[in-house]
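**Student:** Fit chain B to the given chain A structure using the hints.
Sequences listed follow chains A and B, in order. Just so you know, the working numbering puts 272 at position 236 of the first sequence, and the rest follows in order with no gaps. Just so you know, the working numbering puts 289 at position 244 of the second sequence, and the rest follows in order with no gaps.
Just so you know, the hints here were simulated from the structure itself, not pulled from any lab data. All values derive from a computational prediction rather than experimental measurement. Note that CB positions come from ideal geometry on N, CA and C, so glycine has one too. Some clues are possibly wrong.
[What the hints assert, rightly or not] In silico lysine to aspartate or glutamate, EDC-like type, Cα no more than 20 Å apart, as pairs: (1) K99(A) with E71(A); (2) K179(B) with D204(B); (3) K180(B) with D204(B); (4) K340(A) with E178(B); (5) K254(B) with D77(B); (6) K124(B) with D244(A).
[As the list claims (entries may be wrong)] Selected chain A positions facing chain B (in silico; Cβ < 10 Å): (7) P182; (8) Q239; (9) S241; (10) D244; (11) R247; (12) T248; (13) A251; (14) Q255; (15) R259; (16) L260; (17) V266; (18) Y268; (19) G343.
As a plain string of letters, each chain reads:
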Amino acid sequence: MRSLLPVLTVLTVIVGIWYLAVAPMNVRVALDQAERAGDAIVPEGSVPRREISVWRLMLDNSKHVGLGYALERPRLPTPAQVGQELWKTTGAMIAKGRPWSKRGLIYHGWITLQSTLWGFALGTLLGIVGAVAIVYSRTAQLSLMPWAIISQTIPIVALAPMIIVLSSQLGIEGRGVPKAIISAYLCFFPVLVGMVKGLRAPQSSQLDLLRTYNANSLQSFLRLRLPASVPYLFTSLKVGIAAALVGTIVGELPTGAISGLGARILIGDQFGTPLAIWSALFAAAVLAGALVTLLDLIQRLTLKRMGMAT
Amino acid sequence: MTEKSVIQANALDLTFQTNDGPVHALKGVSLDIGKGDFVSFIGPSGCGKTTFLRCMADLEQPTGGGITVNGTTPEEARKARAYGYVFQAAGLYPWRTIGRNISLPLEIMGYSKVEQAERVARTLELVELSGFEKKFPWQLSGGMQQRASIARALAFDADILLMDEPFGALDEIVRDHLNEQLLQLWARTEKTIAFVTHSIPEAVYLSTKIVVMSPRPGRITDVIESTLPKERPLDIRESPEFLEIAHRVRDGLRAGHAYD
Numbered sequence: 037m038r039s040l041l042p043v044l045t046v047l048t049v050i051v052g053i054w055y056l057a058v059a060p061m062n063v064r065v066a067l068d069q070a071e072r073a074g075d076a077i078v079p080e081g082s083v084p085r086r087e088i089s090v091w092r093l094m095l096d097n098s099k100h101v102g103l104g105y106a107l108e109r110p111r112l113p114t115p116a117q118v119g120q121e122l123w124k125t126t127g128a129m130i131a132k133g134r135p136w137s138k139r140g141l142i143y144h145g146w147i148t149l150q151s152t153l154w155g156f157a158l159g160t161l162l163g164i165v166g167a168v169a170i171v172y173s174r175t176a177q178l179s180l181m182p183w184a185i186i187s188q189t190i191p192i193v194a195l196a197p198m199i200i201v202l203s204s205q206l207g208i209e210g211r212g213v214p215k216a217i218i219s220a221y222l223c224f225f226p227v228l229v230g231m232v233k234g235l236r237a238p239q240s241s242q243l244d245l246l247r248t249y250n251a252n253s254l255q256s257f258l259r260l261r262l263p264a265s266v267p268y269l270f271t272s273l274k275v276g277i278a279a280a281l282v283g284t285i286v287g288e289l290p291t292g293a294i295s296g297l298g299a300r301i302l303i304g305d306q307f308g309t310p311l312a313i314w315s316a317l318f319a320a321a322v323l324a325g326a327l328v329t330l331l332d333l334i335q336r337l338t339l340k341r342m343g344m345a346t
Numbered sequence: 046m047t048e049k050s051v052i053q054a055n056a057l058d059l060t061f062q063t064n065d066g067p068v069h070a071l072k073g074v075s076l077d078i079g080k081g082d083f084v085s086f087i088g089p090s091g092c093g094k095t096t097f098l099r100c101m102a103d104l105e106q107p108t109g110g111g112i113t114v115n116g117t118t119p120e121e122a123r124k125a126r127a128y129g130y131v132f133q134a135a136g137l138y139p140w141r142t143i144g145r146n147i148s149l150p151l152e153i154m155g156y157s158k159v160e161q162a163e164r165v166a167r168t169l170e171l172v173e174l175s176g177f178e179k180k181f182p183w184q185l186s187g188g189m190q191q192r193a194s195i196a197r198a199l200a201f202d203a204d205i206l207l208m209d210e211p212f213g214a215l216d217e218i219v220r221d222h223l224n225e226q227l228l229q230l231w232a233r234t235e236k237t238i239a240f241v242t243h244s245i246p247e248a249v250y251l252s253t254k255i256v257v258m259s260p261r262p263g264r265i266t267d268v269i270e271s272t273l274p275k276e277r278p279l280d281i282r283e284s285p286e287f288l289e290i291a292h293r294v295r296d297g298l299r300a301g302h303a304y305d
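If we strip away everything but chain B, and leave its shape as in the complex, we get:
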């Protein structure tokens, strides 16, 4: 157990009871996420990557093993508002402007009006949406909406950012752009990020650590430490080093599939 470890899972099990018998969503999952890490979870559908993320967020209760967030239980971490969560769908409230959407967590957490306004302005700037505060969600493109939802997760300064396929529904070009922005944001804020994705290039490009998972039962098959530098222009994706890591991820995914 390192001191800088932010999220620690130890032999985590989660079994859903369904009409067709038990489904092992997670089995024996152990992982350490250090402070400031950018960890991607990649694997086919049903491998438990989203379930694992939801366990960290106390949205799902493990049936065995242990997990700590900031050294406490996920429930305590949730109550301490230790993380911001970004869902696949932006999920902005259509009846609130972008600014009021971002101040939603701040209202709930009881920040003063002055501080709300200040934080909304700051996070909007962080995701490059300054000037869109008064717009309604439908007036923004899908990529901009997702940026606003990231701003909403950043607004209350949680140290951990949990992201569940946030760019999964966006097209390739928008996705590239948002990946680049996310890396810059990560560098500026030094947050710990757990990121679920389907895309190998996205995982390799973003992460310091890539966790490859496989289904039935959901488990970790490989953990790859990235050797890429922290500074990553988009064209790093053509470098031999990048392709090497991508190759290893692909191998890991294939190995996981060989089971069934």
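Excised from the complex, chain A in its bound form:
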């Protein structure tokens, strides 16, 4: 609870800066609207105004600056507007008894969450299997590791459409599978790196000790390397699940998807409704926060049970 005050302070500062930024961001749109409604604006006409800085416009038309905080299609919505939009597309939908409406974010969030979880599961599995191979086989280390690193330098936005096309060529229906693959593509790397580090965490004396017991390699894997890697694994999983969510959203962007948070962002952009973009963005942030917090909780419980609570 002691961390609450600094967190709230930072939050207040961010919201404050946000509110201050709304005025200059929206002033041109606000002045255009006011002029159309018959108010006198200095200078007249939106074309001459383009040459003048927003600060000057705000000074000369100080009475109309406030309009920027209540636009229907603002360039930058206020936090309150985003909050209202979020409520309208989630809580209000539930209140109306239509939580799964395709116009609500619960439906789109659920679509994104599904792909994220599939991608996360697939990526984690790949990461762990790859790490075991790398730790136990020098050949795998030399052949796998460079490719794993190279794979992360390819922009996922460029790769995503190819994965979609390939998977439809292979006769895979729908967007679920390719989205999960894109998501796994981003997620496996942190898990791989973390697991390699974790599996190599035991000191040489601990490995020597098992040798004096004449333990076989399966025994030393299950009894020493695997449990020693658990703290590293959880740290990687937290990074991995956030990466998986990003991967899913990116997978929804350039692919003509019509559902999912990524699709909402894209559609919001195409139809000029920044509020939809912002609320989808916040929904994604809340989702990521919830997933990471959940993993953090599981980590705490697991390490506590293992006697390794910190």
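**Tutor:** Frame of chain A; chain B shown alone:
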């Protein structure tokens, strides 16, 4: 070759190849350790005392000469689980309780659950840690952790105990106490113990035989048979006999240093 000899090294050589050329960790090391002996290895860093111990344990491969453990090769002895090894760091698994740490070798060696529990209880009692079975390592002091690691080495009843500076990281008072306990344990179990140490008083107090080693190349410069009685209270360390042996060890160490 006496019949009761447990560990025999004959002109043992071990050379590490490094980028700076070969390093002679051991050169021409010959030694007999009899059954029930308590042998200490003392010498400055780099004299090969730990390497010698690791050769006995088949953790290091000699490049020349011969070594037998219980009349077999070290590898066969290791596979027969003929010795328990205690490292300088206790190296307990933080995710296992003390009891489960001690049963680790027993699990690997395939003892039944019932026998595991029985042996854990017995060895815990031997190192005076009864009642700590359910505790995790971080809940114990450094000295207690090291006792638990000794219990782990004792759990499967190997006749030989190889100890590599087990009390090196502990403070003087704890060390004294553990030395006393180790002697009692040795008397009760009649094990053969090879013990690496940096401390002259520790070596003299514990051992029936003190092996003085010196570096570059690692070799034995003196082997001192202790004349102290088997029963050794802590204040024996002030007796003239004790000081006499300590003096000889110190002389041996100094002689070894004169080479470089």
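**Student:** For every hint, state whether the structure bears it out.
**Tutor:** The hints, checked one at a time:
Distance restraint check for K99(A) and E71(A): the Cα-Cα separation of roughly 13 Å lies within the 20 Å cut-off, and the hinted pair is therefore satisfied. A threshold of 20 Å between alpha carbons decides the hint, and for K179(B) with D204(B) the separation of about 27 Å lies outside it, so the pair is violated. Proximity of K180(B) to D204(B) is assessed by CA-CA distance (about 28 Å); at most 20 Å being required, the pair is judged violated. Restraint check: the Cα-Cα separation between K340(A) and E178(B) comes to about 18 Å, which is no more than 20 Å; the hinted pair holds.
For the hint pairing K254(B) with D77(B), the CA-to-CA distance comes to about 10 Å; that is within 20 Å, so the pair holds. Taken as a hint, the K124(B) and D244(A) pair is honoured in the structure, with Cα atoms around 13 Å apart against an allowance of 20 Å. This hint is violated: P182(A) has a C-beta 26 Å from the nearest C-beta of chain B, more than the 10 Å allowed. Taking 10 Å as the C-beta cut-off, the interface hint given for Q239(A) holds, the closest approach to chain B being about 7 Å.
Interface hint at S241(A): satisfied, since its Cβ lies 5 Å from the closest Cβ of chain B, which is below the 10 Å cut-off. Annotation: interface hint on D244(A) holds; nearest CB of chain B at approximately 5 Å, less than 10 Å. For the restraint placing R247(A) at the interface with chain B, the shortest Cβ-Cβ distance is roughly 6 Å, inside the 10 Å limit, so the hint holds. Taking 10 Å as the C-beta cut-off, the interface hint given for T248(A) holds, the closest approach to chain B being about 4 Å.
Interface restraint check: A251(A) against chain B, minimum CB-CB distance 5 Å, threshold 10 Å, status holds. Taking 10 Å as the C-beta contact cut-off toward chain B, the hint placing Q255(A) at the interface holds, the least distance being around 5 Å. A least Cβ separation of about 7 Å between R259(A) and chain B falls short of the 10 Å threshold, and the interface hint therefore holds. Taking 10 Å as the C-beta cut-off, the interface hint given for L260(A) holds, the closest approach to chain B being about 7 Å.
Below 10 Å, beta-carbon pairs count as interface contacts, and V266(A) has one with chain B at about 8 Å; its hint therefore holds. Of the supplied interface hints, the one on Y268(A) is violated, with its beta-carbon coming no nearer than about 13 Å to a beta-carbon of chain B, more than 10 Å. Interface restraint check for G343(A): the shortest CB-CB distance to chain B comes to about 4 Å, inside 10 Å, so the restraint holds.
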